[in-house]
Amino acid sequence: MKSITKQKTFDEIKEQLDGLDKVFIVGCGTCATMTKTGGRDEVLGMKDRLQELGKMVTGWTVIPTACDEMTEVALKENSGAISSSNCILVMSCALGVHKISCYIDRPVIPALDTLFIGLEDEPGNFHEVCAQCGQCVLGQTAGICPLTACHKGLLNGPCGGTNKGKCEVDITKDCAWTLIHQRLEAQGRLDLMRKYQPPKNYQATPRPRTIKIA
Amino acid sequence: MSTRFKEALNSGEFVITSEIGPPKGTNIEKMHHHIDILKDKVVAMNVTDHQSSVMRFPSIGGCLAVKERGGEPILQMTCRDRNRLALQAELLFAYTRGVRNVLCLTGDAVPVGDHKEAKGVFDLDSVQLLRTIRQLESGKDLGGNDLDGAVEFCAGAIVTPEANPIEPQLLKFEKKIESGAEFFQTQAIYDLENFAKFMTYARKFPVKILAGIVLLTSARMAKYMTENVPGIFVPQSLIDGLAAAPKGEAINKGIEIAGRMIAALKKDSICDGVHVMAIGREELVPDILTAAGL
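The listed protein sequences correspond, in order, to chains A and B.
The numbering of the first sequence is the numbering used here, which starts it at 1 and goes up by one.
The numbering of the second sequence is the numbering used here, which starts it at 1 and goes up by one.
Here chain A stands alone, though its shape is the one from the complex:
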């Protein structure tokens, strides 16, 4: 899983840290390192900027994978510096922010916005491929998710806004249904696209979504 993140503007980070002057910074060695939003370099850069702002940085760490079980251990190893702080600034995706919030009794502030779960097609170029809807249709759509790759999430074919294979919202983006049509045609499976798709069941996994795996 690759959780794609983007750093919030420094103004927004500053606003969230209003009244919180002693900061412990946490980065993540997995997705946020790969997206260059919360790896070692970005954590050190943030440390400098906060210090310039007059904040005290009581310490920092880059947890190997901020969303897994080792996070608790990593936080314990830094308990001294954390106890001197009055907040934790987390440079990971929201999963890391959430995980850290479970172990820390002081404010946990996100420095990043979590954008989507995506793949890297070429270096530095990420795109969303799955909206985690709970009812996978990729078998009928030649491996391209219309719910994710079509701006409107249409299930029965393209809208009238598509032009020369591009999307009306952004001509640099491909029309998902044009791609699906091309692939299904090449596979000799266009009948799949002719089949009526009923409205999506948005309660396939009711929110908040949980599951117990035996």
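No lab work stands behind these hints, which were simulated from the structure alone.
Glycine included, each C-beta is placed from N, C-alpha and C at the ideal position.
Heads up, some of the hints might be wrong.
Lysine-lysine pairs mimicking PhoX-like chemistry, simulated, CA-CA at most 20 Å apart [stated by the list, open to error]:
(1) A:173 - B:116
(2) B:119 - A:200
(3) A:164 - B:223
(4) A:200 - B:140
Derived coverage of chain B by chain A (criterion: at least 3 residues anywhere in the stretch with Cβ under 8 Å from a Cβ of chain A; other residues may be distant) [as the list claims (entries may be wrong)]:
(5) 116–126
(6) 172–180
Assemble chain B onto chain A, guided by the hints.
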């Protein structure tokens, strides 16, 4: 559902429809004026639904005004702003108020409009909305629950004969027919030869097709549309004709072009009628019809 509009479609006459754009605000005088101009000139009037994703007075409100003033409304419904509960509720309301023609649309994307940060709904798509109408007609809602009083509508959809690529659009066109579309109003067409080709294909299906005629008001507008609006192709000869018109006369040239196209479509019975869109210049629709010899 038999409506004035549907009777006209089935009568074999060349059907003319046009379009009313509700105002942004509560000043409905201009809309009323346009309705009054058009109500006896066209068989039915579409009322647009937050056209181009720009927030306006609602389509159903415009349809009621058309009814009150003696016209025949076609309710445009997009899937952009309402989930399946709200869409069904509006269909129930429309039916009780005598609005019996519906055009089912996906709807433009939210970011092309004037509330760019809004949530696009698209809980249903246009094909599913057509099926929803047929489901409500059966006396049950989308949840499978019994209705205390069903609906009946003449339901239609749109198709884009100039789409590039066309194949995925035609596949959806057929799905719309299978889902209950009785009539189609097309995106603007300007290339009659290409449209005739589309009609040769479309005639295989038991649906009525009204060709979309959008008034060209200037060479610049024509050029903009052909370059930027998906599914619209304006031949260079028409753009040149508009550009050659004397200053201030381009609009008359546009009226002449629209009239000529309508006359040609009617003469050769290429399609079942036309849907004339003057986009804010509705008062010119009668001139276009005159230019078409109607």
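Comparing the hints with the structure gives:
Annotation: proposed proximity of residue 173 (chain A) to residue 116 (chain B) holds, straight-line Cα distance about 18 Å (limit 20 Å). A C-alpha spacing of about 17 Å is found between residue 119 (chain B) and residue 200 (chain A), which places the hinted pair at or below 20 Å, so the restraint holds. Between the alpha carbons of residue 164 (chain A) and residue 223 (chain B) the distance comes to roughly 17 Å, so the proposed pair stays at or under 20 Å and holds. Between residue 200 (chain A) and residue 140 (chain B), the direct Cα distance comes to roughly 18 Å. Compliance with the 20 Å bound is thereby established for this hinted pair.
For the region 116–126 of chain B, the stated coverage by chain A holds: 6 residues have a C-beta nearer than 8 Å to a C-beta of that chain, and at least 3 were required. A stretch counts as covered by a chain when three or more of its residues have a beta carbon under 8 Å from one of that chain; for the region 172–180 of chain B and chain A the count is 5, and the coverage holds.
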